[in-house]
Amino acid sequence: MEHHDHPAPEVMIKQYIKIALVLFILTVLTLAASWNWVPASWGEIGSTVHILVGLIIAFVKAAMVIYIFMHIKFDNKFLRAFIFVPLFLFMVLSFALNVLGP
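Our numbering applies: residue 1 is where the sequence shown begins, and numbers increase by one.
A portion of the hints provided could be inaccurate.
[As the list claims (entries may be wrong)] Simulated pairs of lysine-lysine, BS3-like, Cα-Cα distance not exceeding 27 Å:
#1 Lys73 - Lys14
#2 Lys61 - Lys14
#3 Lys61 - Lys77
[Claimed, not checked] Distance ranges between label pairs, derived from CB positions:
#4 Ala20 - Phe78: 22 to 32 Å
#5 Pro9 - Thr48: 36 to 46 Å
#6 Val49 - Leu87: 32 to 42 Å
#7 Phe78 - Trp35: 33 to 43 Å
#8 Gly46 - Leu79: 36 to 46 Å
Keep in mind the hints are simulated off the structure, nothing from the lab. Here a beta-carbon is modelled for each residue, glycine too, at the ideal position from N, C-alpha and C.
Please build the complete structure, drawing on both the sequences and the hints.
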């Protein structure tokens, strides 16, 4: 197994602050995406767009938390695939069940 050196604590703290700021901005975007910004004339497509935008933002936030705060960025690529492929499949399944479901 490979050994990966972690950056200095000062570097990690700066990175954590940046990630926290990005997560806050994405949370505000999620809130904005939940408002009715799609014209009513779009009908069913409008609700699909709302769901898709919300799921994409949630996927990005989850990937950032897993990658940075859970230190997956320091593990090998095979382990990353075991984490991010199911996360992607979960997003696809969630979208399919919300849009195509009953």
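*Which of the listed hints are broken here?*
6
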